[in-house]
Structure formats: C-alpha cells, structure tokens
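Undergrad: The residues making up each chain are set out below.
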Amino acid sequence: MEKTINLKLKVWRQDGPKTKGRFETYEVKNISTDSSFLEMMDVLNEQLIQEGKEPVAFDHDCREGICGMCSMYINGHAHGPDEDVTTCQLHMRKFKDGETVTIEPWRSAGFPIIKDLMVNRNAFDQIIAAGGYVSVGTGGVPDANAIPISKEDADEAMDAASCIGCGACVATCKNGSAMLFVSAKVSQLALLPQGKVERARRAKRMVAKMDELGFGSCTNTGACEVECPKGVSITNIARMNREYLMAKFKD
Amino acid sequence: MTKIESKIPEGPLAQKWTNYKNNQNLVNPANKRRIDIIVVGTGLAGASAAASLAEMGFKVKNFTIQDSPRRAHSIAAQGGINAAKNYPNDGDSVYRLFYDTIKGGDYRSREANVYRLAEVSNSIIDQCVAQGVPFAREYGGYLANRSFGGAQVSRTFYARGQTGQQLLLGAYQALMRQVNEGNVDLHTRTELVEIVIIDGKARGIITRNLITGKLERHFGHAVVIATGGYGNTFFLSTNAMGSNGSAAWKAYQNGAYFANPAYVQIHPTCIPVHGEFQSKLTLMSESLRNDGRIWVPKKKEDAEAIRKGKLKPTAIAEEDRDYYLERRYPAFGNLVPRDVASRAAKERCDAGYGVGATGLAVYLDFKDAIDRLGKDAIEARYGNLFQMYEKIVDENPYETPMMIYPAIHYTMGGLWVDYELQTNIPGLFAIGEANFSDHGANRLGASALMQGLADGYFVLPFTIQNYLADDIRTPRMSTDLPEFEDKEKMVKEKFEKLLSIKGEHSVDHIHKELGHVMWDFVGMARNKEGLQKALDRILEIKKEFWTNVRIPGKADGINLELEKAGRLADFIEIGELMARDALNREESSGGHFREEYQTEEGEALRRDDEFAYVSCWEYKGDDKEPVLHKEELKFEFVELKTRNYK
Chain A
1 MEKTINLKLK
11 VWRQDGPKTK
21 GRFETYEVKN
31 ISTDSSFLEM
41 MDVLNEQLIQ
51 EGKEPVAFDH
61 DCREGICGMC
71 SMYINGHAHG
81 PDEDVTTCQL
91 HMRKFKDGET
101 VTIEPWRSAG
111 FPIIKDLMVN
121 RNAFDQIIAA
131 GGYVSVGTGG
141 VPDANAIPIS
151 KEDADEAMDA
161 ASCIGCGACV
171 ATCKNGSAML
181 FVSAKVSQLA
191 LLPQGKVERA
201 RRAKRMVAKM
211 DELGFGSCTN
221 TGACEVECPK
231 GVSITNIARM
241 NREYLMAKFK
251 D
Chain B
1001 MTKIESKIPE
1011 GPLAQKWTNY
1021 KNNQNLVNPA
1031 NKRRIDIIVV
1041 GTGLAGASAA
1051 ASLAEMGFKV
1061 KNFTIQDSPR
1071 RAHSIAAQGG
1081 INAAKNYPND
1091 GDSVYRLFYD
1101 TIKGGDYRSR
1111 EANVYRLAEV
1121 SNSIIDQCVA
1131 QGVPFAREYG
1141 GYLANRSFGG
1151 AQVSRTFYAR
1161 GQTGQQLLLG
1171 AYQALMRQVN
1181 EGNVDLHTRT
1191 ELVEIVIIDG
1201 KARGIITRNL
1211 ITGKLERHFG
1221 HAVVIATGGY
1231 GNTFFLSTNA
1241 MGSNGSAAWK
1251 AYQNGAYFAN
1261 PAYVQIHPTC
1271 IPVHGEFQSK
1281 LTLMSESLRN
1291 DGRIWVPKKK
1301 EDAEAIRKGK
1311 LKPTAIAEED
1321 RDYYLERRYP
1331 AFGNLVPRDV
1341 ASRAAKERCD
1351 AGYGVGATGL
1361 AVYLDFKDAI
1371 DRLGKDAIEA
1381 RYGNLFQMYE
1391 KIVDENPYET
1401 PMMIYPAIHY
1411 TMGGLWVDYE
1421 LQTNIPGLFA
1431 IGEANFSDHG
1441 ANRLGASALM
1451 QGLADGYFVL
1461 PFTIQNYLAD
1471 DIRTPRMSTD
1481 LPEFEDKEKM
1491 VKEKFEKLLS
1501 IKGEHSVDHI
1511 HKELGHVMWD
1521 FVGMARNKEG
1531 LQKALDRILE
1541 IKKEFWTNVR
1551 IPGKADGINL
1561 ELEKAGRLAD
1571 FIEIGELMAR
1581 DALNREESSG
1591 GHFREEYQTE
1601 EGEALRRDDE
1611 FAYVSCWEYK
1621 GDDKEPVLHK
1631 EELKFEFVEL
1641 KTRNYK
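First to last, the sequence lines map onto chains A and B.
According to this note's numbering, the residues represented by the first sequence are 1 to 251, in order.
According to this note's numbering, the residues represented by the second sequence are 1001 to 1646, in order.
One thing to keep in mind: the hints can contain errors.
Computed beta-carbon distance windows for the label pairs [claimed, not checked]:
1. B:K1310 / A:F23: 44 to 52 Å
2. A:Q47 / B:E1318: 46 to 54 Å
3. B:G1374 / A:A238: 56 to 64 Å
4. A:A208 / B:Y1095: 48 to 56 Å
5. B:D1394 / A:E152: 29 to 37 Å
6. A:P148 / B:S1093: 17 to 25 Å
7. A:A238 / B:K1298: 53 to 61 Å
8. A:F23 / B:E1595: 48 to 56 Å
9. B:K1620 / A:P142: 49 to 57 Å
10. B:T1358 / A:E27: 24 to 32 Å
11. A:A109 / B:N1022: 51 to 59 Å
12. A:N220 / B:E1318: 47 to 55 Å
13. B:S1093 / A:K96: 54 to 62 Å
14. B:K1494 / A:A109: 38 to 46 Å
None of these hints come from the bench; they were simulated from the model.
Here a beta-carbon is modelled for each residue, glycine too, at the ideal position from N, C-alpha and C.
Okay, chain B solo, but in the shape it has when bound (with noise of 0.2 Å):
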C-alpha cells in the first residue's frame, strides 16, 4: 500500500508552523517572474490566492465558470467569519479556536492543520480591514462579534448578514488590481475540463470557452484547484446552481486521491422543500440561532392541526412547545453544532411532531428575543434575511415563527492535500472546500470563510514556493505536446459521445434522481442495506444518463445543457464514491451518521480504534473499484472525546 506522506512539520503543536515557514524553500523576485501558476476558481480561496501570488511576483492565470470572479457562490455566505482575536475578552485563544475545530469536526481533521488554521485566523480579519471591508461597529468604533454554534465564545465577525459577499468582494477588487496590473490573466466564463500531467507533474490544463465552446490550452508551472465542493450531487443545497464537483473529480481521475467523500455538511436552518419543481434551497444563517430559539409541538395532535392548517404556531401554549435543542443539550442549546442540530429536527420530525404542510419542518422563532430587545434590534441584526424569508416563504417572520429544516450546505471531504496544500499529485494544489484539510467530519460556522481565506492569503503563497523552488529551471511548456494533444482529443470525444445520445430526459431530470437517491440513503442517516441499495441505484442512473440524455445544439458555442451535462456525469461518479466511504466507515462521525453505531440517547457513536483515519480513495479506471488508503489521525495534543454539548 501507498505510503500517506502528510509532511506535519516537527515540534509542539504551536511552533509547527513557525518552523516550517523559517526552513522551506522560496523563490526569489527575478524567479517569480518567469512562473506561471494556475488558479482555477475565483471564489474566496481562488481569488485570495490569485491576488496574493500576483503581489509576490508570480504570473498567474485565474479561471472562472462565471461572468466575473465576483459571482463565486463563497458571495452567499451570510452569518461570519471566526477568529481568535479574543476582542470581547471572554477567554479566546489560539488554542481555544484549534479545540472547538477539532472537537466540533468530532476528531477526524489532522491537529497541525487546524492549529495553523486558527493561528492565521487573526491575520485574516486584519486584512480584511485593511482592504475596506465595512465589518459591523461598535459605537465605540471596534469591531463586534457575536456567537456561533459550537463555540462558548463570540468570535465571530460579520458584515450584517452579508459577510460573505463583503469578504469575496474585497478578495476580488485585490484581484482586479492585479489583473489591472498585468500580473493576473483572467478567463472568465472557462470551465476547467482536463488537467494535463507531463512526467508525473501538472502542467496544466484544458478548458472550454463557454461562449464560443473552443477547447483551449494553458500551461502552468504547478495548477491550484480552487472550484469549492460538491454538494450538489444531491441536486437540491444550499450551493449555487453552477457550483459543481467537475474539478477535483478530474484531478481525483488524474490519480489525486479523494479523501472522506462521506462527510457532507447538513445545514440545520434552511427554509423547507416544498415541491418537485423546486431549483434550489435557502439557507437561513446559522447566526439567527444566537436570538431564535427552535421548537416543534409537545403534542402529536397540535402538530397535525398545524400540519392541516386548522391551528397556528402563534396558538400554541408556552408549556405545550417542546424546545428540544435547549431540552436536550442544556450547556450549547440552541448553538450546538450543525449536525447536531440536524440530526435532533430530523428526529423529531420522523417521530411526527414536524411541522409545515409536509411535517418536514420544525420552527425557528424569535418572539422572545422581539420581546426582550425590541423589533428595531432584530432587524437591524438580521433584517435581511427576514426579508428574504418573507419573500419566498410569503409569511412575515417577525409575526409569526420561520420554518426550517435541515439542507445540504456543504462537503468537509475533499481532494487529499498534505499539509502543504499540495495533493499527491506533484504541482497539483487545492484549497478551500475543494480541500479535504480542516473540517474533519463537520464544520462550525464561520469556519468555511476562515478556512478559504487562511489557505489563500496565508497558507498556499508560502507552501506553493517550496514546491516551486525546484522548477526555476522549468522553462514554460509549449501547448502543443502530446500530454495537451491527448486531453484535448479526449474531451472533444466525450463531448460528441453525449451530443450524440440524443434520447429522452433532459440533464436536470436525471440529476433529480440522482438527488433523490443520495437524500435517501445517503443523507442525514445512513445504514449498511441502504447505502448498498444507493450503489445499485447509482449504476442505474449512470446507464441511464450515458444512454437516454437528451442535450440539444452543438458542441460549439453556448450550449447551457451541455455543461451541465458535463458536470451531471461527475456527479453521478462522486455519488457513487461518497456511498461507498459511506459504506466502509462503520461509526458515526460528525455529519456521517450510521444508524447501526448510536448512543442508547441517539448520539453518533464514534469507532476511533477502528475509523481514527483519513480515507483517501484511488481512481483505478472507469469500471474498476477504487483502492481504499489509510491516513492515520495521530492525536498528540488533545485527547480524542466523546463530543458533549449538554
């Protein structure tokens, strides 16, 4: 078996990085100038990067699906970003941020990583506030923060509910700079399709010009991989409608190993389903937990009056309202972590006390805090989002409590890097959620901000040098060698092979099985005869796409069905390879919750003697299994426990 080389620099658990960053290599001034790096993607790890390599001197070539780098969904991210500024002195620390991050991702994210993590946090909002962006006041003129699930601490900036379109927007005007300057060569509405690898190393990539449909050619010294994550395999999540898994698979098919597939983020507050046309889900930001408080009915019979429509929330007695967060986990109530949250509506809800047409809904409601600190106070904390509830739910929140249930929202697995950032591909980089490094087995809120930014403002512009170091004397490549030929000749066939299909259902309509098929058995709650049912289900639906698609027009020019095809054929692929991690990781951990290993209370049950690893999974073939690599999770700082949040 292939020895896992995490490369954890040596030293206590605080020095790692200061160590590694006084010993790696760096390439001088004159140097930069003659390498080119790829980033693909533009959203808060790509752009960050981009803009950060540019500054030091590098040549880089930014790619993006979208029409500007500003769209990167990392824009729709509401609630905060979290750092270890200790600025309400209520006893934060470095240590404290690692802690809750390891112990919120329920031990399965290496230590070294995480502890760089919240060591680069503060740094990140400085930077932010030097660029501009307008994070929330104090009259004092500081900054405030305020409080997120997991976390007995404030430690969370934010900008209304706002924060993730102000970050992106100040990684993008760095951006813009650069490419003002000449430094950054940005394609805009360019899908990445293949990753060339010449002698071992990425050299670059093939993409497709979404508006003309040309396939083009870039060579690159080392290639980053910055296109976020795959959670709309399920079809329906919180992600944008573009957001898609098609890079990383293809670096996963080039040999990059893909590591814990299985671990999905279920986002607790995200406004209900509520029919087969529906495109997408709203989330409801997880800061709206700091004032609302979540309850179903204590009584069977209330829920079903409310399920008919013949009783209102507004109706039910205080003592006939069952808080069951608060009820459950007195210490966290209702800041516990999201897949807590998740798992405790979902319970309640299947034992038939949800809510909403559908009993798929619990509610989420602010009365108290309307009547503690007045309507004024809540709509200038979350305003916005109250509004946008009111928009699509048709109901006005502050009269009468939200709905919500839990939503796909986002994937802690990932492309397996070491701590380097790098995959175990040489040159081939990935950062942000298309990484697999920090989260473990579940994120915290306002963590996915810090983590994109920290890899690419303070993380990857120094990893990177190390690698690239050793190839000053790589002159750039020419386009026209056969490792780029091959690629090219590759997706053109593919493209004419579904074009050619020319059957009877339409990209989305088979994309909604699928979803259908990973909610049920690869959703909140998994089991053994399950997941074998979704592995069956999956190679189904795979015949079905390869041969009953129907994509019209051609390959060139603006073909919208065609790239969703595209990426509709690596969901199905990254279905199949999330159910099978699912499948072998016997325990639950985080957001991977098998029925078969539970508390007699309900609570995952973790297996460390057995599932204290990494898995990283090796493409083989087309129709060939995936090999199963083991990294080890060494626990040298903390000890591994039970997660308690009561």
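Isolated chain A, as found in the complex (with noise of 0.2 Å):
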C-alpha cells in the first residue's frame, strides 16, 4: 500500500564542464512510495523553482526504462540499488523514511560532465558510427525469409541488441571501459548472417574508436554486467575479444 517518506537528498551540483562541482543537501517531504525516482527529483525540482533558486539539471525522456537517456549514480550504484532498472523506473519504496541519498552523475573520463548529473556521452555515437552497422542502404535487399537464421542465434543477437545505450556499464567500471557496450553490438551483428560479412573490420573500427576516445580497458571484473539494467552479459565480451582477435590474425 501506499505511504509517504521524508528523505534528505545529497546531490551533485556542478555549473559547468570546467568548474568545480559540490554536493549540495536538499529535504524533501511526503514523497509517495509509488512515486518513480524522477518523479521525486521532479518534486525537489518543484520546491526549488519555488525558493527561486536554479533546478538540478538531468537527462531523462521515456521514464520507461528503454530510451537510456536516464543516468544516475545513486547511493554508490548506477541506476540505483533496484535490480534491472533504469533510474526512471527505480520506484520510492525501495527507500527508507529519514534515509540520506547520495545522488551523482556518471562519473567517467568518456564521460566529462556538461551540468549538475548531466554528462556528455557522444563517445557512444562516435563508436557506432565508426562501424556498429551493416552496410547496407536502403532497397535492393533480398525478402525477409530467404536466410534462415537459427532460433538461437536469433535470441542471442535480441539479448546482446537489448542495450539500451545508457552507459551504466563505463559508469560501473573501475577502469571506465567501454567493453560492454561495444561488444554487445559486435555480438549481435556477428551472430547473424547479414553482419558476418563485413565482422571483422567492425571489431576493428569499434575497438579502435574505443580506445582513441579515453576508455579505460577492460580487467574482466564484471562489476558492469552486475549494474546493466538490461542484464547485457559479458559473454558478449568474450565474443567480442575472439572476433578482435580474429580479425587481427587474419591482418
């Protein structure tokens, strides 16, 4: 049933990629247990339009856990302490009456901050536009059903396409390596015919976009699968390492 808390709030305020940030210490009051985690940030945002002061900036679009434009570090963990959510589906009741929350931004130099718990995270488009595709332009493409592909590899490559971007795993990640979420696209074209073709040079483009970009390497810790909110499995970056590997052979 529904019932309310009062929370005392640390968040991250920083005005600008080039100042320096400090937590700030807000209260809110009668916050419902049914409310979403936005939905409580939206409630101080309310309270301090009407102090006059400037609200906490952060990203945030579907609060339906799919579009991957929500991205908090809350109480230590990205996307909060739910499992397999996203902050805008993270709910009140997982909190406790009168408990403090620390709330911050993704914090990775892939990352650099742009304002309060907002981040820049370009890095993701540059990746994919390096090669996280099939090249293949619009017409011209034989009917849907003339390549058979297997049940199994057609669940695979669902499970590794299910990232939603978000960036929870550099976040995570003690090096801030981006491992997961490359290999997950590497994975899912490479586990289908249409992708095999040209896997090869993509795990090269993506792995070298990487790594030019500042992402840290990757020490297999799986700390980023624990915190994926779409439960992206590191399989994926086992995968990956072999088609890398593979592709720097044949070289």
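Fit the two chains together into the complex; they arrive one by one in their own frames, and the hints show the way.
TA: Right under this line is the structure:
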C-alpha cells in the first residue's frame, strides 16, 4: 500500500564542465512510495523553483526504461539499488523514511559532465558511427525470409541488442571501459548472417574508436554486467575478444 | 476558399504508386550533391529519411533535441510492425492490410495513401532484416508473426517487447554510417524554434543549441518535419517527457494547414494513474491482448469490495466475471481496435464496475493463458513487460491480474500533407506521426512503426525529388538574409519575454492544469457543452501562462525550464485547436467520440454525408480564429460501412 517518506538528498551540483562541483543537501517531504525516483526529483525541482533557486539538471526522457537517457549514480550504484532497472523505473518503495540518498552523475573520462547530473555520452555515437552497422543502403535487399536464421542465434542476437546505450557499464567500471557496450553491438551483428560479412572490419574499427576516445581497458571484474539495467552479459566481451583476435590474425 | 490539392495520381488503386514513380521527376547524382535537405527529428521517420536521402547523395542536416538520435521516442514502441507478407498463409494480402487500415481508421483517411502504405510494408521488413534487426523467429529459422487489434490475420513482426527499439537502432545505425561518411551533418541537443520561409518556400530553420542557448541559422533547399505527435498536450500520456508538438506548430504558424487535430488515440492498456505527482503513463503492449483476457466483476458489490481492498480478484469465481469485450464483440473479442476497447473500459468504470483504489481500472488476466501454455511460454513472449509492470506497480502479474486503464498514446492528426508528403508550403514536408496522412480517425496497433519507416525509407526519398528537381539551379542561400535575421529576432524576443514574466507557477504546474482540462473535456468522450467549456478554460490557462509563469535562470546556457516553457506555450494553442476541431466535428469517428452521436448500443455514429472530410485548419494570427478548409474524402474502391467487430 502507498505511504509517504521524508528524505535527505545529497545532490551533485556543477555549473559546467570546467567549474568545480560540490554536494548540496536538500530535504524532500511526503514522497509517495509509489512514485518513481525521477518523480521524486520533479518534486525537488518544483520545490527549488518555488524557492527561487535553479532546478537540478538531469537527463531523462521516456521514463519507461528503454531510451537510455536517464543516468544517475544513486547511493554508489549506477541506476540505484534495485536490480535490472534504469533510474526512471526505480521506485521510492526501495528507500526508507529518513534515509540520506546520495545522487551523482556518471563519472568517467569518456563521459564529461555538462551540468549537475547531465553528462556527454556522444562517444557512444562515435563508436557506432565507426562501424556498428551492416553496410546496407535502402532498397535492393532480398526477401526477409530468404536466409533462415536459427532461433538460438536470433535470440542471442536479441539479448545483445537489448542494450539501451545508457552507459551504466562505463560508469560502474573502475577502468571506465566501454567493452560491454561495444561488445554487445559487435556480438549482435556477428551472430547474424547479414552482419557476418564485415565482422572483422567492424570489430577492429569499433575497438580502435573506443580506445581513441579515452575509455579504459577491460580487466574482467564483471562489475558492468551487475549494474546493466538490461542484463547484457559479459559473455559478449569474450565473443568480441575472439572476433577482434581473429580479425587481427587475418591482417 | 483555397482548393485543397491532394495530388493523388490517376489510375486504379493498385497502380497509383507505380504510375507516380514512373512519371515523377528525379534529381541526378551530380545535382544531389549541391542540394541541402534539413530533416528535423531522428525517430523512425526522421532517421530513416535522413539515412536514405544521404545514401542517395543529398547533403543532409539532421536535428534532434536528445543527446543521441537513438533516444527518440520510437524506441519505446513495444509490440510490433505490420506487413502484408502473408508468411503464416492465413489469407493476408496488400489489399487486406489496406482494407483493415481504412476500416480501422473509421473511413477518415485517403485510400491512395493507405494503399501505398500497405504496398511498401513488405519492403520495410526486408530492409530491417538486412540491417541485422533481430526479429523473433520460429525453430525453422523463419520469421514469427503475431496478431494485433483490428485484424483477423497474424501480420505483426516483432522483436520481443522491444520492436520499436530494434527498428530505431537499425535506422540509427544506418544514419550513423552516413554521419561517418560525411553525408549527414548531425546536430544533437538542438531544438527547432522557427521555420524560415523565403519567396513562399521553406528554406531553413532557426534552432536553439540546448547546451549553449545560442540561436543558430540553417539553410536547406527543403525542410522535413519528423518530430512526432502532440499527445503531451494532455500532460499525462505514454509519450516521452520531451515529446512535443512545437515543430509542427511552427509550421502551422507559418501557414501550413493542421489536419484533424481532434483525432487522438487513447490506448486501452496502460498502467492506471495513481497520484498527482505522476509524470507519465506507461503502456502495456497491445500484444498482451493476444493472450490476456479483459474483465471486471459482474457484481457491483464485488467491484466495491475490491476497491476497498477487502477482496482479491483471484477470489472472484469465473461466473462472476464479465469479460465485456468478448461479450460485446464475439468476432474480435479482446482484439478489437484501440478506440473500441478504450471506450468499453470507460463505459464499465463509469457504470461502477471499475477496480483498483480509484475505480478507474480493469483487469487484464493471463491465468487462462498460463494454464494453457505454461508460465515459461508467457514469460518468453512478454517477460520484459511483466517485469516492467511489477517494478512500477509492485504486484506479480503471473499471480494476480494486471490492472489497466486507457491513456493518451498517439495523435492521428498532424500537419496536412499531399500524396507527396508535402505540406501546402512548398518545400516543407512532414513524415511519420507529425503528419496526418494514413491512420484516419484511429490507428491500428503496429502501424505507427510501419508508417514511420514507410515514409522515411520508401516514400519521401522519391517524392521529395519531384519537388527538388525544379530547384537544382538554386544555389545555397546565405543565412544572413533578412528572412533569417527576422525570425531569429522574433525567437529571441519570445524567450526574453518568457524569462521576464517571473510569476508564481512553474511550467509543470500550468501544464498539469492544461492536462486536466484536456482529459476531462477533450478526452475519450466529448460533447458540445464540455468542448465550449474547454475553450474558455484553455484561454484562461493561456493568460495565466503568459502572465504568471516562473522560469528561473537565463536564455544562454542550459535552461530546462525555458525549454519546457517554449513547448508548453505551443501545447496550450494545440489544445485550443483540438477542442475547436472536436467541436466542429459533429459526429463520432474512431478516437473522436461525441456523446451526442452514438447508436443505441453506445457505438460511434459516423455521419458520412456531412463529415467525410479532412479538416484542414489555417492559422490567421495569434488572436484570430483559424479558418477551416475541407478536403473531401472520396471512396472509389471501398464501400463506406459502419465498423462492425461483432
């Protein structure tokens, strides 16, 4: 049943990428446990506006866990304490009355802070642009059923493709590695006959771009998998390493 | 009165698109390089159009308000995409998909447009598979299908409950490939704030950089609006928080007709509203109606006990449950179209049979399907949706029925376009949900993805050339021209004015007020008195907004409240036009239900003799009444019938 709680919030405030940030403490009262975390942030912002202060900047859009835009580091976890959810799907019933909640942006060399809790994840787009696709133009393709694909491969490709590009994996990794994100796309396309044709080129280009953009290397701690809101598995990283090695051997 | 020229090609229905393509003008490769096309939006329609146009050789400038094209709200579409492949051999055909769409839209769309949509639907599936979209497959390796509302065949292709995500990522990847090749100039976190018209033609846009706050000018030989629908006028909807109608509204204010604004889709299966703090509504995919059965208690006392928390739905005996859709519509049962299912839910709740704490909910029950197929089969089909439901509601839908209620989901109305997807402003095109063209008064499930990608991959890339072929000698224009300067100045003054109000209420506060008025009077059931009241109330809200809104901060730099305020200013006016259109349309058709016009059984009563037209509204100035033009809908190939799902 619905009840209400009061919370103390420690929120990271930073005016811009080149200014020094700090924690500000706010109190919010009578938060319904049925509301989502971002709805609680809406209440905070409404309060700040009423007090004549500037609201907290944060990214969000679909609020149903699929666009990948929301990105808060809550009490030391990317997307907060609940399992398999994005911040927008985290609900206040996971918090206790009187608790202090610490809210920070994604922190990683690959994701510079723009303002408060907003970060720049443009690097992910650049990695996809480097090769995260099948090079096919519109039109002139065969019938969709021309090439049968085993259900197992299609399902496994879909598991990898369910990545929402939020960046929780990077924010969680002690090295700031983007391996889970990159390997999910490499795996999806390598598993399907349409993507196999340029698999070597794709793996090399995407890895090179990832390295160029300042993401760290993978040391197999597996922390990324634990915090991934979509349960994307680190077996994708193993597959990408194979793809990458095979591509390099061919050179 | 201006004549509405829809440019429908001659010939038999099945030949029109082929005839058009055979006779249209094209632009040769050398000239394509000299032509700039602005595409605003990166959802299914925008991304697929931008990628396809760039592949052809045009220079594309693509804009999105999000931090990446992949965030566009198409990503949230769950259930699937229709195509007339007839892979299951169950009697489907291009004609049948066309017919179901015309009928589902309650005979308020153009035959030629809808037929073309059905015709290109198959190419979309081929294209997406070639891109590596991991559609669901059977053990034999071939593509799987499922059913959606308003159809008696299984023609819906899907990728679990994340079809929109997979299709959008396919289009996004095609787009990023073109960005990499230098053919698309991509502008993220950038919002269209004005459209520039030179000598009567659309020639550019003014944008606001959402990070720096800087106003920027961009030239294009043509401008394509692909910015989605205006469902957020209601504040609460299944749309994303940032989804807005402002780009379409700017087009309207510059002279483009706005068509059928009253046609809004209310989706029957959403998680019910539960409090004033709520910021959005979450959809539960229509695909759930394949296996879920919708019911309310047969006895009022049971419903009341449930509302008070004294009785659990699982304790209600089979004979005491009213499966009202199966009862009222035996032929289609739980798979009636969305407008019909939504109204039936409202009817039961209004009559006192609703469940949940508020009484504004009905059950969607999977018990029979779980008994028949096993929990694993249901989990494989809908696992992610069940998980999402549990996270939000904190109840396990495998054990207790889901609670659902209708919510605003999609807008069939939008910018008026001709057969070429061009508005009445030369050079200004509108695609996807932003236009009005294919769904009439009600859209069938799994058809939004189909239309977005049809427009972007297979229609606009041809039709836009017919316009640009006359423009190959037009050099790129300077953005120092007075037309650009004037529009930029206008925008700057508007933002300054908004910031200077310094009133008492936040943007969201006023938006919620608007939402209540829209839902109460311009929602699922409308009547003359209510609509007139809505018009009065919206006028008051407009005044309140322009005198009492509080926006902290400045115009330069990130200002999220200022962004929202700019969009709300337009939502208020869109709401007014919706109410005006709903008032004018004295009939019930599809998603537009006027209480005065219904049959004895409470079904929608169309009035074809007077209202078989598209209402096209023309802007006449800020405080002047818009003028209504009518595009008569001619039905040459199908017979106008009363929809019957019994």
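Undergrad: Against this structure, judge whether each hint is valid.
TA: Against the structure, the hints:
At about 47 Å, the CB distance of B:K1310 to A:F23 agrees with the hint of 44 to 52 Å. At roughly 50 Å, the beta carbons of A:Q47 and B:E1318 sit within the given window of 46 to 54 Å. The hint said 56 to 64 Å for the Cβ distance between B:G1374 and A:A238, and at roughly 32 Å that hint is violated. For A:A208 paired with B:Y1095, a C-beta distance near 51 Å keeps the hint of 48 to 56 Å intact.
Taken as a hint, the range 29 to 37 Å holds for the pair B:D1394 and A:E152, whose Cβ atoms sit roughly 34 Å apart. Between A:P148 and B:S1093 the C-beta distance comes to about 24 Å, which sits within the given range of 17 to 25 Å. Range check, A:A238 to B:K1298: about 56 Å between beta-carbon atoms, so the 53 to 61 Å window is met. Checked against the hint of 48 to 56 Å, the pair A:F23 and B:E1595 passes, with Cβ atoms roughly 55 Å apart.
A C-beta distance of roughly 52 Å is found between B:K1620 and A:P142, which places it inside the suggested range of 49 to 57 Å. Roughly 30 Å separates the CB atoms of B:T1358 and A:E27, a value that falls within the hinted 24 to 32 Å. At about 56 Å, the CB distance of A:A109 to B:N1022 agrees with the hint of 51 to 59 Å. Checked against the hint of 47 to 55 Å, the C-beta distance between A:N220 and B:E1318 comes to roughly 54 Å, which is consistent with it.
Checked against the hint of 54 to 62 Å, the pair B:S1093 and A:K96 passes, with Cβ atoms roughly 59 Å apart. Here the CB-CB span from B:K1494 to A:A109 is close to 39 Å, well matched to the stated 38 to 46 Å.
Consistency with the previously given hints fails for number 3 only.
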